[in-house]
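Peer 1: Below are the chains, spelled out letter by letter.
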Amino acid sequence: MAEVLVLVDHADGAVRKTTSELLTIARRLGEPSAVFVGTGFEAAKEALAKFGAAKVYRAEAPEVTQYLVVPQAELLAKLVEEKSPAAVLVPASTEGKEIAARLAVKTGSGLITDAVDVQAGDGGAKTTQSVFAGSYTVEATVTHGTPIIAVKPNSATPEEAPAAAADEVVDFAPSDLARGATVTDTQPKAASGRPELTEAAIVVSGGRGTAGDFSPVEAFADALGAAVGASRAAVDAGWYPHSSQVGQTGKQVSPQLYVACGISGAIQHRAGMQTSKTIVAVNKDNEAPIFELVDFGVVGDLFKVLPQATSAVEAAKG
Amino acid sequence: MNIVVCVKYVPDAQAERTFDASDNTTDRENVDGLLSELDEYAVEAALKLVEESEGEVTVVTVGPDDAADAIKKALQMGAHKGVHVKDDAIHGSDAIATSLVLAEAIKKLSAEAPADLVITGMASTDGTMGVVPTMLAERLGLPAVTYASELTVDGGKATIHRDGDTSTQTVEASLPALVSVTDQINEPRYPSFKGIMAAKKKPVQQWGLADLGIDAGQVGLDAAWSKVDAFAARPPRSKGEIVTDDGDGGTKLAEFLTSRKFI
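First to last, the sequence lines map onto chains Z and S. Take the first sequence: its position 127, counting from 1, is numbered 127 in my numbering, and each next residue is one higher. Take the second sequence: its position 240, counting from 1, is numbered 240 in my numbering, and each next residue is one higher.
Pulled out of the complex, with its shape left as it was, chain Z reads as follows (with noise of 0.2 Å):
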């Protein structure tokens, strides 16, 4: 069976749930071996094995994760000149669709990015993505040279099925293009304890209605166990922070469930969570786009509404 290469998105080891979605979609066109790069392979093995990866190609070079991309760009196109594999697949967070767009100049190959579903087709691999602001699906194949496919989190249920995980170190030094953009200082952002925005399967977001006090937002998120996120109204204004955003601009999701508090439901923020599978609004204005959208609405003070259906999600849990 023909290989289908993971890159592993992790840091210092520990493994981020897109690549146990990637796994579980690889195991769909083939056999998947795992690309780890950078450090703490042992701390990964663990998770790789448990969702199938029967071999891992890895390169700890530890110097890798101060250059932008360019490292795990040219591991890969080598991977894909020695193994000719049936497809590439990484993360489509920003760092991945810059790897992938460089790996598919590299190796003259077809791209395709937010993929929300990967099939085995006739073809090979069958894609589909969300366009358009989510008002359009698409279908699309690769057509030439080995497929690069850059998948959506929550694309996927992640399934067990263990594997050897067996690891192959391969020799790999960057180039000097590699070395040309360097991280010359990274500060690390307080965490905040929850969920990651594009992995979570419950987002609460605010937006101008909250008028800057996300307070009845969190909590409404904490209840629930959510991320959160803003608009851009919100960021714009200075409440919450950029990497918050859910927008065009900002981060697509598509949780289990969606709520929008004091959000109109512009097209700029529809873009970024029309795919939700179920969306629920607390606007004041009846007239809000937002309630287009939903399978649940009340209209009404996000102030008031949000502190009773946070005591009743608390109650309900004991």
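A couple of the hints might just be wrong.
Subject to a maximum C-alpha distance of 30 Å in a straight line, what follows is the list of computed DSBU-like cross-link-like pairs (lysine-lysine) [what the hints assert, rightly or not]: (1) Z:K83 with Z:K55; (2) Z:K284 with S:K261; (3) Z:K317 with S:K261; (4) Z:K17 with S:K261; (5) Z:K50 with S:K261; (6) Z:K277 with S:K227; (7) S:K86 with Z:K106; (8) Z:K78 with S:K227; (9) S:K108 with S:K200; (10) Z:K304 with Z:K317; (11) S:K202 with S:K86; (12) Z:K106 with Z:K55.
Reference listing, derived: stretches of chain S covered by chain Z, where coverage requires no fewer than 3 residues with Cβ under 8 Å from a Cβ of chain Z [to be verified]: (13) 89–102; (14) 155–167; (15) 174–185; (16) 233–241; (17) 251–257.
Hints in this document: simulated from the structure, not taken from any laboratory. Yeah, the Cβ is synthetic: ideal placement off N, Cα and C, and Gly gets one too.
Once you've looked at the hints, dock chain S against the given chain Z.
Peer 2: Below, chain S without anything else, positioned relative to chain Z:
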């Protein structure tokens, strides 16, 4: 400093965007277009840099006749000259082919006056792939510092800040380099009346594929390395239940979440 800014003419995101059913490409005929909003930040970033020191900003676009509007807007904002690459054979090009055309156009420009910096937006507002900047850097053999929320150029180096999920990073690259910028980097200016008048006199070169030494077979729909097999409008979401808060809106919300097993 010579700066090249790559811009795209896109269907207005506020309009009903759709596909051309004859070849599954983006419909650019029946939807009004404009300079991609995210490219305005790139133009503004370039203008700021040359205003601080000196230099020239050249705007490059690849697209049909109407794409001249995207160049015009950038010239009205203050860019110095434009290049419009258009050729019927380009229709339907994927990101890979687009990056090839842009790369050859920048090489041709650099033969006259080397570009110190190539600046792009973070993504287009139509395709939204966000991969052309990196592909362009790969083709030009340039380091890319991407998703800049701040940009400074000093001592032959470009230094950016990028705002990540778990950290903020400072990244630097020696010039020449490619920089892509986010919508956090600045507040793009509106063209002034003076700028609008001045733009009419600014030079815009029109190049075809032959001018760039590109074979028509390398670009366009038939040469694309990926293919859209089908498209479908997403079925409208069925209208859900809307209640008005009479003091029990929160309770009703919780009841709904319980009924859907979220609690």
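Peer 1: Now, for every hint given, state plainly whether the structure supports it.
Peer 2: So, going through the hints one by one against the coordinates:
1. Z:K83 with Z:K55: 12 Å, holds
2. Z:K284 with S:K261: Given pair K284 (chain Z), K261 (chain S) holds - Cα atoms ~26 Å apart, limit 30 Å.
3. Z:K317 with S:K261: 12 Å, holds
4. Z:K17 with S:K261: The given pair, whose Cα atoms are some 22 Å apart, holds under the 30 Å limit.
5. Z:K50 with S:K261: Distance ~28 Å between K50 (chain Z) and K261 (chain S) Cα, so the pair holds.
6. Z:K277 with S:K227: 27 Å, holds
7. S:K86 with Z:K106: 26 Å, holds
8. Z:K78 with S:K227: 25 Å, holds
9. S:K108 with S:K200: 24 Å, holds
10. Z:K304 with Z:K317: Measuring from Cα to Cα gives roughly 21 Å; hence the hint holds.
11. S:K202 with S:K86: Answer holds: K202 (chain S) to K86 (chain S) is near 19 Å, not above 30 Å.
12. Z:K106 with Z:K55: Answer holds: K106 (chain Z) to K55 (chain Z) is near 24 Å, not above 30 Å.
13. 89–102: As far as the region 89–102 of chain S goes, the hint holds, because 4 residues have Cβ atoms under 8 Å from chain Z.
14. 155–167: As far as the region 155–167 of chain S goes, the hint holds, because 6 residues have Cβ atoms under 8 Å from chain Z.
15. 174–185: As far as the region 174–185 of chain S goes, the hint holds, because 5 residues have Cβ atoms under 8 Å from chain Z.
16. 233–241: holds (count 6)
17. 251–257: With 7 residues close enough to chain Z, the hint holds.
Against the hints set out earlier in the document, no violation occurs for any number.
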